[in-house]
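Protein chains: 6
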Amino acid sequence: MDIKLIKAPSPATLDIIQNRSKLKFDKSPGAMGLVQGKMIEMTVACDIAYKTSGVEVSDVRGSCPQNMVMLAIVGDMEEVKVALRNIEEKSKEKDIW
Amino acid sequence: MDIKLIKAPSPATLDIIQNRSKLKFDKSPGAMGLVQGKMIEMTVACDIAYKTSGVEVSDVRGSCPQNMVMLAIVGDMEEVKVALRNIEEKSKEKDIW
Amino acid sequence: MDIKLIKAPSPATLDIIQNRSKLKFDKSPGAMGLVQGKMIEMTVACDIAYKTSGVEVSDVRGSCPQNMVMLAIVGDMEEVKVALRNIEEKSKEKDIW
Amino acid sequence: MDIKLIKAPSPATLDIIQNRSKLKFDKSPGAMGLVQGKMIEMTVACDIAYKTSGVEVSDVRGSCPQNMVMLAIVGDMEEVKVALRNIEEKSKEKDIW
Amino acid sequence: MDIKLIKAPSPATLDIIQNRSKLKFDKSPGAMGLVQGKMIEMTVACDIAYKTSGVEVSDVRGSCPQNMVMLAIVGDMEEVKVALRNIEEKSKEKDIW
Amino acid sequence: MDIKLIKAPSPATLDIIQNRSKLKFDKSPGAMGLVQGKMIEMTVACDIAYKTSGVEVSDVRGSCPQNMVMLAIVGDMEEVKVALRNIEEKSKEKDIW
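Chains as they are written, first to last, in the working numbering: chain A, 1 to 97; chain B, 1 to 97; chain C, 1 to 97; chain D, 1 to 97; chain E, 1 to 97; chain F, 1 to 97.
Wrong hints could be hidden among the right ones.
Identical copies look the same in the list; a pair holds intra-copy or inter-copy alike.
Computed list of lysine to aspartate or glutamate pairs in DMTMM-like fashion (alpha-carbon distance at most 20 Å, straight line) [to be verified]:
| no. | residue 1 | residue 2 |
| --- | --- | --- |
| 1 | K4 | D95 |
| 2 | K94 | D2 |
| 3 | K90 | D2 |
| 4 | K51 | D15 |
| 5 | K7 | E41 |
| 6 | K22 | E89 |
| 7 | K4 | D26 |
| 8 | K24 | D76 |
| 9 | K94 | E78 |
| 10 | K22 | D95 |
| 11 | K51 | E88 |
| 12 | K7 | E93 |
| 13 | K24 | E56 |
| 14 | K24 | D2 |
| 15 | K4 | E41 |
| 16 | K7 | D95 |
| 17 | K7 | D26 |
| 18 | K38 | D15 |
| 19 | K81 | D95 |
| 20 | K27 | D76 |
| 21 | K22 | E78 |
| 22 | K92 | D15 |
| 23 | K38 | D2 |
| 24 | K4 | E56 |
| 25 | K81 | E41 |
| 26 | K7 | E78 |
| 27 | K7 | E88 |
| 28 | K81 | E56 |
Simulated from the structure, these hints should not be mistaken for lab results.
For reference, chain A alone in the conformation it holds in the complex (with noise of 0.2 Å):
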């Protein structure tokens, strides 16, 4: 699973993730994490996200929704860094059943 942080991100990076998500940029967020994997690494991704902060989470995708999936966290820096950081930390702990 990849993860990246992109600092202020320009009109033409908003662009991408706007044409293939359901996120609407009226002004530039802060910071945008990107996670790009398995659907189901971010399906568990785009949970934890969700539960640790207040960012906004949307799954990227084109016409055909496979292998270019990735899923856009946006928000102010240290919320989505906070984001970033914990799908990291629990993406590896392992689930008991």
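Fit chains B, C, D, E and F to the given chain A structure using the hints.
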């Protein structure tokens, strides 16, 4: 085959699943199990899940249901855990013919 | 090439197959054999299954029939077993030309 | 590149090919050769088959003609065998330019 | 991640890019930089290119924007070179969160 | 990157190319060069072919122009050979920026 368990899935997570499956969530389920693998593995896993607990099972797909297909299993925490446990165990059994 | 045998397939399993093939199940078949591999392998497997038993054979596909394509073989338990056995054995034979 | 030979292909096999190619079978051909590989390999194989025997050649595709594409070669048993043999031999020759 | 530089791109090359992106070329640009890699890498590369020079940046896609997606960066030779240099260097920096 | 040369391409081969590109063949060309590789490699190869000979160049695609994309280069035998030679040599040169 990857198996994941999400406890008390968040609205963003339910959204991802709802948009790609026949599942509709009037209220958030207690737990969601996810299974990702080859089509043949997921079909077998679906059969196992359906037969061993009262959980609801659905395939998760996009417009092109190729390599992002998952199996989602929702229900109470204990029911989902039993289903995941059964999938893990019975998938390893060698078929005899 | 992966081969799996499902005994008394559940409604959820029949649903997955019915939605992606020309098979229609008025009543649940005794068994379902699944074969997943390269297109060329599955075409050969289809031919073997059709010729060695009275089972019904169909390709399973999505809207984009690419890498999630499977072969489904339905019938009585013993017939399906014979078909799977034949696929396994005859697929290994080297063609001579 | 995978090459397979099907003797007296069954109706179910002809069905798979007919639904994904321009081939129409009024009566079952004596044999069917299948070639699966990279697009560039199959295009060259198509050219070889067409030039060395009177067999009929067609590409096999789905709605998205990506990685399940095959080449189908139909005709009498001996003709198909010659075509497959030529593909196997001439494909290994190094082009010089 | 692959990076390429095309000096004075030909009409056929501009055609390939024009048909798969929002770029429109009234006159041929001095140079075209191309970046191909994972979706997450290209999104970050897009952001870097946009911020470090006056070049025009666009994602390149087909009807299914999956694994043939590229990033095209057009402008004067020196501007495009600076953009590619920045992408190469900054992509290696480890994000901290 | 794979490169192939077809001498005096047959009608079946021209058909495969014609159905997936903008090339139209009123008469059979003397030779056809094929190039298959990553999108970024083929775009560069297209540029090289266009600039070093009078051959006609086109991208070959299906409805989803993903991993079956090729580049077709048609013309007289010697012209096509020069184009393929140039692609092979110039593709290896390291860009400097």
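Structure-based check of each hint:
1. K4 x D95: between (25 Å within a copy, 7 Å between copies)
2. K94 x D2: both (19 Å within a copy, 12 Å between copies)
3. K90 x D2: Both. Shortest intra-copy (15 Å) and inter-copy (16 Å) distances satisfy the 20 Å Cα cut-off.
4. K51 x D15: between (26 Å within a copy, 14 Å between copies)
5. K7 x E41: between (24 Å within a copy, 15 Å between copies)
6. K22 x E89: Result: close neither inside a copy nor across copies, 27 Å intra and 32 Å inter.
7. K4 x D26: Neither: 22 Å inside a chain and 34 Å across chains, both beyond 20 Å.
8. K24 x D76: Within one copy, since 16 Å is at most 20 Å while 32 Å is not.
9. K94 x E78: between (27 Å within a copy, 17 Å between copies)
10. K22 x D95: Neither, since 30 Å and 26 Å both go past 20 Å.
11. K51 x E88: within (14 Å within a copy, 28 Å between copies)
12. K7 x E93: between (28 Å within a copy, 13 Å between copies)
13. K24 x E56: within (11 Å within a copy, 22 Å between copies)
14. K24 x D2: Neither way: K24 and D2 sit 24 Å apart in one copy and 30 Å across, limit 20 Å.
15. K4 x E41: Both. Shortest intra-copy (15 Å) and inter-copy (8 Å) distances satisfy the 20 Å Cα cut-off.
16. K7 x D95: between (32 Å within a copy, 10 Å between copies)
17. K7 x D26: Within. Shortest intra-copy distance 17 Å satisfies the 20 Å Cα cut-off; inter-copy 33 Å does not.
18. K38 x D15: between (24 Å within a copy, 17 Å between copies)
19. K81 x D95: For K81 and D95, only the inter-copy Cα distance (10 Å) is at most 20 Å; the intra-copy one is 24 Å.
20. K27 x D76: within (12 Å within a copy, 30 Å between copies)
21. K22 x E78: Neither. Shortest intra-copy (23 Å) and inter-copy (34 Å) distances fail the 20 Å Cα cut-off.
22. K92 x D15: neither (32 Å within a copy, 23 Å between copies)
23. K38 x D2: Both, since 10 Å and 9 Å are each at most 20 Å.
24. K4 x E56: within (16 Å within a copy, 23 Å between copies)
25. K81 x E41: Both: 18 Å inside a copy, 18 Å across copies.
26. K7 x E78: within (11 Å within a copy, 25 Å between copies)
27. K7 x E88: both (18 Å within a copy, 18 Å between copies)
28. K81 x E56: within (13 Å within a copy, 29 Å between copies)
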